[in-house]
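Can you make the complete structure from the sequences, with help from the hints?
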Amino acid sequence: MSDSIGPSPFVVSDRNLALELVRVTEAAALASARWTGRGRKNDADGAAVEAMRTAFDTVAIDGMVVIGEGEMDEAPMLYIGEKVGSGGPGMDIAVDPLEGTNLCAKDMPNAITVVALAERGNFLHAPDIYMDKIVVGPNLPEGVVDLDNSIENNLKNLAKAKGKSVQDLLLCTLDRERHEEMIARARAAGARVRLLTDGDVAGGIAACLDTSQVDIYVGSGGAPEGVLTAAAIRCVEGQMQGRLLFEDEGQRERARKMNPGKDPDRKLGLHDLAAGSVLFSATGVTTGTLLRGVRQLPHQAITHSLVMRSKSGTVRFIEGHHNFKTKTWAPQ
Numbered sequence: 156m157s158d159s160i161g162p163s164p165f166v167v168s169d170r171n172l173a174l175e176l177v178r179v180t181e182a183a184a185l186a187s188a189r190w191t192g193r194g195r196k197n198d199a200d201g202a203a204v205e206a207m208r209t210a211f212d213t214v215a216i217d218g219m220v221v222i223g224e225g226e227m228d229e230a231p232m233l234y235i236g237e238k239v240g241s242g243g244p245g246m247d248i249a250v251d252p253l254e255g256t257n258l259c260a261k262d263m264p265n266a267i268t269v270v271a272l273a274e275r276g277n278f279l280h281a282p283d284i285y286m287d288k289i290v291v292g293p294n295l296p297e298g299v300v301d302l303d304n305s306i307e308n309n310l311k312n313l314a315k316a317k318g319k320s321v322q323d324l325l326l327c328t329l330d331r332e333r334h335e336e337m338i339a340r341a342r343a344a345g346a347r348v349r350l351l352t353d354g355d356v357a358g359g360i361a362a363c364l365d366t367s368q369v370d371i372y373v374g375s376g377g378a379p380e381g382v383l384t385a386a387a388i389r390c391v392e393g394q395m396q397g398r399l400l401f402e403d404e405g406q407r408e409r410a411r412k413m414n415p416g417k418d419p420d421r422k423l424g425l426h427d428l429a430a431g432s433v434l435f436s437a438t439g440v441t442t443g444t445l446l447r448g449v450r451q452l453p454h455q456a457i458t459h460s461l462v463m464r465s466k467s468g469t470v471r472f473i474e475g476h477h478n479f480k481t482k483t484w485a486p487q
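Heads up, the sequence shown is in the numbering used here, so the first residue is 156 and it goes up one at a time.
No wet-lab data here; the hints were simulated from the structure. There may be inaccurate statements among the hints.
Derived DSBU-like pairs (lysine-lysine); straight-line CA-CA distance at most 30 Å [stated by the list, open to error]:
(1) K422 - K412
(2) K196 - K480
(3) K422 - K317
(4) K261 - K480
(5) K466 - K238
(6) K466 - K422
(7) K466 - K317
(8) K417 - K315
(9) K315 - K261
(10) K315 - K422
(11) K480 - K417
(12) K412 - K238
(13) K311 - K422
(14) K417 - K238
(15) K319 - K422
If you anchor each label on the Cβ, the simulated ranges turn out as follows [stated by the list, open to error]:
(16) A339 - D212: 48 to 54 Å
(17) G243 - H476: 27 to 33 Å
(18) D262 - F479: 17 to 23 Å
(19) E229 - L174: 28 to 34 Å
(20) Q368 - N308: 46 to 52 Å
(21) S467 - N308: 20 to 26 Å
(22) D262 - K238: 34 to 40 Å
(23) L400 - D217: 14 to 20 Å
(24) N197 - E392: 22 to 28 Å
(25) H454 - E297: 28 to 34 Å
Positions of the beta carbon are idealized from the N, C-alpha and C atoms, including for glycine.
Quick look at the structure:
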């Protein structure tokens, strides 16, 4: 699908759908926030999944989950292939009802709820495996960084494009043993490094927002999260590349079946991950660099959300005040 305006019903309705998506991520955030700091990540995740699935019943789409909670026999709701919505244009849906379950359980920064929409066939169908990723922001020369380049060359090229020295760059990555060599080399080259315990969707988006001060996101994380990150990057015209990482031939064959005719080992560009017109919404559960967390007050709560459309490139931050005395539903 082209991003140009045309007769598709999605073109007519995507402004309204963008705001409907905020209600979906708000519902998941409000439900999971009640478990913040309680050390019970599965309960937090379950609450988010149930609330998000219920909220989708009111969204005017014929939606199918392509990035979700797992296969049908693994997840009771929001499983891959599940149909959601109240009827309307055919849409692919990518969800992470609670990105950063450990962050929520431990009341640590950057737990968020995430949803992205695209017309059918425009999201990579990614199995639940790892993906190597690299992300930089907008207004940079195309190909300024590359997944196949060394970290030293990527930092050097990025610094030159930004008119900075490497010492001025901030690299963001997950704090994992598999990244130790890359982190050491980045620091040896002069860059600063911000380490995340969890939550690489927020980390990837941060590389595209001036307010975060992050210049580049690098490293391996979940492939489904990679698709969600790509949806957000499309909306702000950043750059991203990815490559699926396979532990065995069985995983490679599954990826081949999910994307017929495509080389599962290929380097994925941004439009390979998320194409066409894309909508993205995220709501903060715990306060982080991207969003403020849910603030709970007597009989009400305040949420902070981010909603974006690739067609317009508009980025909106929305503060919602939820009165549980008048709301038709409220977290229990």
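Going down the list of hints, with the structure as the test:
no.: 1; hint: K422 - K412; verdict: 17 Å, holds
no.: 2; hint: K196 - K480; verdict: 28 Å, holds
no.: 3; hint: K422 - K317; verdict: 25 Å, holds
no.: 4; hint: K261 - K480; verdict: 29 Å, holds
no.: 5; hint: K466 - K238; verdict: 25 Å, holds
no.: 6; hint: K466 - K422; verdict: 25 Å, holds
no.: 7; hint: K466 - K317; verdict: 26 Å, holds
no.: 8; hint: K417 - K315; verdict: 35 Å, violated
no.: 9; hint: K315 - K261; verdict: 39 Å, violated
no.: 10; hint: K315 - K422; verdict: 24 Å, holds
no.: 11; hint: K480 - K417; verdict: 52 Å, violated
no.: 12; hint: K412 - K238; verdict: 20 Å, holds
no.: 13; hint: K311 - K422; verdict: 22 Å, holds
no.: 14; hint: K417 - K238; verdict: 25 Å, holds
no.: 15; hint: K319 - K422; verdict: 28 Å, holds
no.: 16; hint: A339 - D212: 48 to 54 Å; verdict: 49 Å, holds
no.: 17; hint: G243 - H476: 27 to 33 Å; verdict: 28 Å, holds
no.: 18; hint: D262 - F479: 17 to 23 Å; verdict: 21 Å, holds
no.: 19; hint: E229 - L174: 28 to 34 Å; verdict: 31 Å, holds
no.: 20; hint: Q368 - N308: 46 to 52 Å; verdict: 22 Å, violated
no.: 21; hint: S467 - N308: 20 to 26 Å; verdict: 35 Å, violated
no.: 22; hint: D262 - K238: 34 to 40 Å; verdict: 35 Å, holds
no.: 23; hint: L400 - D217: 14 to 20 Å; verdict: 33 Å, violated
no.: 24; hint: N197 - E392: 22 to 28 Å; verdict: 37 Å, violated
no.: 25; hint: H454 - E297: 28 to 34 Å; verdict: 51 Å, violated
Hint violations for this structure: numbers 8, 9, 11, 20, 21, 23, 24, 25, all remaining hints satisfied.
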